[in-house]
Amino acid sequence: MGILEIKDVGKRFGGLQALSDVNLSVKENSCHAIIGPNGAGKSTLLNCLVGKLIPDSGSVMFDGQSVLGRSPYEINQMGISRVFQTPEIFGDLTVMENMLIPIFAKRDGAFRMHAIESVLAEKQVIEQAEAMLEEMNMADKRHMHAAAMSRGDKRRLEIGMCLSQEPRLLLLDEPTAGMARADTNNTIDLLKEIKEERDITIAIIEHDMHVVFSLADRITVLAQGTPLVEDDPQNIRGNPKVREAYLGESA
Amino acid sequence: MLGLNKKDVTLLTFVAVLALFAPFILNPFPEGSAMAQFNAGYPDLMQRFAIFGIFAIGFNLLFGLTGYLSFGHAAFLGIGSYAVVWMYKLLDYNVLWGLPLAVVISGIFALGIGYVSLRRSGIYFSILTLAFAQMMFAISYSDLLGRFVGTTITNGETGLQVYTSDPQILLGANEPNTPHLFGLVMNNSFFLEVGAWQFTFNVGYYFSAIVMLVMFYLSVRIFRSPFGLMLRAIKSNNTRMSYTGLNPRPYTLAVFVISGMYAGLAGGLMAAMDPLAGAERMQWTASGEVVLMTILGGTGTLIGPVLGAGFIKYFENIFSKINDNVLHQWFSFMPDGLEDAMVFIVHPFIGKGWHLTLGILFMLVVIFLPGGLVEGGQRLAAWIRSKRGGAEENTKSSTEPAE
Amino acid sequence: MDAFLLQILNGLDKGSAYALIALGLTLIFGTLGVVNFAHGALFMIGAFCAVTLSKLLNLSFIVEDPTQKDFLGNPLKVKTPYIESWFGPEVGSVIIDWSVPLAILFAIPIMVAIGFIMERGLIKHFYKRPHADQILVTFGLAIVLQEIVKYFYGANPIPTPAPEALSGVANIGAVIGLDIVYPVWRIVYFCFAALIIGSVFAFLQFTTFGMVVRAGMADRETVGLLGINIDRRFTIMFGIAAAVAGLAGVMYTPINSPNYHMGMDFLVLSFVVVVVGGMGSLPGAVLAGFLLGILESFASMNEVKNWLPGIDQIIIYIVAIIILLTRPRGLMGRKGVMED
Chain A
1 MGILEIKDVG KRFGGLQALS DVNLSVKENS CHAIIGPNGA GKSTLLNCLV GKLIPDSGSV
61 MFDGQSVLGR SPYEINQMGI SRVFQTPEIF GDLTVMENML IPIFAKRDGA FRMHAIESVL
121 AEKQVIEQAE AMLEEMNMAD KRHMHAAAMS RGDKRRLEIG MCLSQEPRLL LLDEPTAGMA
181 RADTNNTIDL LKEIKEERDI TIAIIEHDMH VVFSLADRIT VLAQGTPLVE DDPQNIRGNP
241 KVREAYLGES A
Chain B
1001 MLGLNKKDVT LLTFVAVLAL FAPFILNPFP EGSAMAQFNA GYPDLMQRFA IFGIFAIGFN
1061 LLFGLTGYLS FGHAAFLGIG SYAVVWMYKL LDYNVLWGLP LAVVISGIFA LGIGYVSLRR
1121 SGIYFSILTL AFAQMMFAIS YSDLLGRFVG TTITNGETGL QVYTSDPQIL LGANEPNTPH
1181 LFGLVMNNSF FLEVGAWQFT FNVGYYFSAI VMLVMFYLSV RIFRSPFGLM LRAIKSNNTR
1241 MSYTGLNPRP YTLAVFVISG MYAGLAGGLM AAMDPLAGAE RMQWTASGEV VLMTILGGTG
1301 TLIGPVLGAG FIKYFENIFS KINDNVLHQW FSFMPDGLED AMVFIVHPFI GKGWHLTLGI
1361 LFMLVVIFLP GGLVEGGQRL AAWIRSKRGG AEENTKSSTE PAE
Chain C
2001 MDAFLLQILN GLDKGSAYAL IALGLTLIFG TLGVVNFAHG ALFMIGAFCA VTLSKLLNLS
2061 FIVEDPTQKD FLGNPLKVKT PYIESWFGPE VGSVIIDWSV PLAILFAIPI MVAIGFIMER
2121 GLIKHFYKRP HADQILVTFG LAIVLQEIVK YFYGANPIPT PAPEALSGVA NIGAVIGLDI
2181 VYPVWRIVYF CFAALIIGSV FAFLQFTTFG MVVRAGMADR ETVGLLGINI DRRFTIMFGI
2241 AAAVAGLAGV MYTPINSPNY HMGMDFLVLS FVVVVVGGMG SLPGAVLAGF LLGILESFAS
2301 MNEVKNWLPG IDQIIIYIVA IIILLTRPRG LMGRKGVMED
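Chains as they are written, first to last, in our numbering: chain A, 1 to 251; chain B, 1001 to 1403; chain C, 2001 to 2340.
Just so you know, not all the hints are guaranteed correct.
Unchecked claim - Computed spacing ranges between beta-carbons, pair by pair:
hint, chain 1, residue 1, chain 2, residue 2, range
1, B, K1006, A, H207, 33 to 39 Å
2, C, F2152, B, A1036, 46 to 52 Å
3, C, L2325, B, D1166, 50 to 56 Å
4, B, V1149, C, S2167, 39 to 45 Å
5, C, A2165, B, D1166, 53 to 59 Å
Just so you know, these hints were derived from the structure itself, not from any lab.
Computed from a predicted model, the values in this text were never measured in an experiment.
All C-beta atoms in this analysis are idealised placements derived from N, C-alpha and C, irrespective of residue type, glycine included.
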């Protein structure tokens, strides 16, 4: 049994069968990559995992509990954090404030009214945030407006925000899309570090094969809304079906 | 001190000094001088500064922090007034009964209206709150609720007021016949004559000012709290908010209710100064006014709404007082033809034309100064600094968040 | 049965006004993505175009008629409108009598011009600003426009009658064997509204211009990529929307004497209509306009009012709230319009 069990998931948009018979199991403390050409249904699948979409059929279980029908914030509270393709951070707030919010959310749940206490009085939360900023190498940027940072730094901050919640499953949606080579490599190094040092399961959707083969323990290839193969990285490399799915369409 | 950092204590002290010494500060010109018409140190106007200050501070908690633009906050203002006048009618003229009730009732209404309106955001939210306020206005103006239950509730067009036939069951023999706080009559004033100056210290003003200070302090605390942080997070990025395990809706609803309570308190204080409540207080123009005060002062800043409220109420008062005679006096130094021409040009903007001036001001602020007076002041300060000090200083200030 | 039909008819004139204003609002929102709080002011300005024309036509000179004496024995002063002296008393008086319908011709260029000036001069600069700023600036504009009208025309309603031939009542039920007596002008208003709505839809449906605009409403960026100058078309759409609101105002003057704040009164309800119909849906706006107008007219029946006093004044809001709670996108709203 994996920590994330996807069974017979199907999703239709009008005339388009976006997903059909998706079965997938993500093992605890592994890094599972989901790859596939454009339009293979990767994003749709991801949206089904985080509560943005509800599949027409099938089930999605996280640690023995169904995530279907729950809102994104409930799913996050179950222990799933998501990193977006374009970094979603609180641009108007400072880096430090960005880091405080997920820690508060982890401690206080989806809603709690602390309207009179000062943020500055929350010593423990601040310490945790400082520690995470250190870990992300961003301590010197703590008073910067998040929106003013570079793309790579925004990505780092977003990953840091997710990690600060100590999620059991980290979902990454093309984390290096639109990044320069150097930023991509930095991000790969960061993710490798996270993988080694933490008890965390990572599911990653990615286009860039370099990223996938650097990180993944297990790879599922999605084509036309259904899993084509699931195997270890070294076997995927030589698999003719995968080559066909990829080379046949894009390049 | 008071659970605030140093900067906020300074700000609070500044507002407190302004509020407590307002009778002096607002009366700089000696009695009888030509400039005396620009004095603002009389009770009626000072009370409005404090009361609309509260209204705007509350509105800013919602709009400034979360970015949800409510166009119906005047409804809560009216509810607060009605609640207080009803307590006069049923119990007695002590404002202590009515004000808490005003806060509670407007909070209940805000909960209902907010629950429905906050299901949508953006424009939908603005339109919904506007529609709710217009509905409340229609209900009050025609006393629909009263007609429905068979007794008057808002007294329709006439407005709600106290009659001698009202029960007033707590009314003692020697009790004052106007609003008071345990015998401290709101209308009473104490005058201080210093040379040609006359300063007025009004009980009602000081009562409202102290309430305003408490409310200001509370808003500073909310701004600096984890709750305030979450509200700013909603404004900044709602998607990240939900994917961080936070449910935005109870946060927005909570602040909507708080903001409605501020408005209800302001409305209650209006009735505490003058024991009347009318439906016109709920009209969309009143909702628009508080929006204007907030953006004029500086949305999302602490001091902005207070400044905005003072600014608008002061100029409303000055502009409404000016008539053609005053204008002729002003322009009397000009040749006759030019004088008449100037009076003719300025005429539409003064007296009853204040709303035209207000509308133009509204547009100018939104177009040219979206950050309001506070941003204007900051820009001015930065400009002066760059003139004086050189480049190294203002690079530092650019990353500081606005206060 | 007669009473029932009568209420439906009664709802049609107000419903027509709602539908016309909501149509313009939706056009502007759909094409430009701007919520125009000054749209009610355009309706009001249209109404005052009719007032202005009727005042202009009634401009008179005064001559003393020595053949007639008033009761003090002085020569009687006779007012003669210029228009009568130019075209002769008969044609002149007909022109004056028909001032409201004539005001349509007078209002179209004025409204289109105001629309262009508004869009080019102000709204254009707000496309990239947040919706809150758009609301605020158009709200300020609405105040300014209405105060200007108040300055020139005063605060009191100005009665502007319909042509004599169209101002009576007619038994329109006679055709189908029922007895329904109904003011003629209201029927005219409904037909006029239907004509305008039909023309707008036909224009959008059957002309290339309309096709581009509809495509732009669906996906602005793609159309922009095709190299079509969508901005200019949107300016024209704004002019058309302004003209639609203005004409709705012109023709409404005989039903309700115009005053300076009629625009805001209608605007709030028209917004509710747009929300009920579904933001961004033109048929939704028209449908909801008529539905809510008719509903309001039923709520103002005495039988209903005795049962629920004052329900007529708030029924629209109540319905809007119920609809939003049950169908958040409105009656015909599309997915993805203003979801966040």
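Outcome for the supplied range 53 to 59 Å, where the beta carbon pair is A2165/C and D1166/B: Between A2165/C and D1166/B, where Cβ atoms are some 57 Å apart, the hint holds.
D1166/B and L2325/C - C-beta distance against the hinted 50 to 56 Å: Cβ of L2325/C to Cβ of D1166/B: about 39 Å, so the range 50 to 56 Å is violated.
Cβ separation of K1006/B and H207/A, checked against the hinted range 33 to 39 Å: Violated, at about 50 Å.
Distance restraint hint 46 to 52 Å, applied to the beta-carbon atoms of F2152/C and A1036/B: violated (34 Å)
Status of the given 39 to 45 Å range, CB of S2167/C versus CB of V1149/B: At roughly 42 Å between Cβ atoms, S2167/C and V1149/B fall inside 39 to 45 Å, so the hint holds.
Comparing the model with each numbered hint stated earlier shows that hints 1, 2, 3 do not hold.
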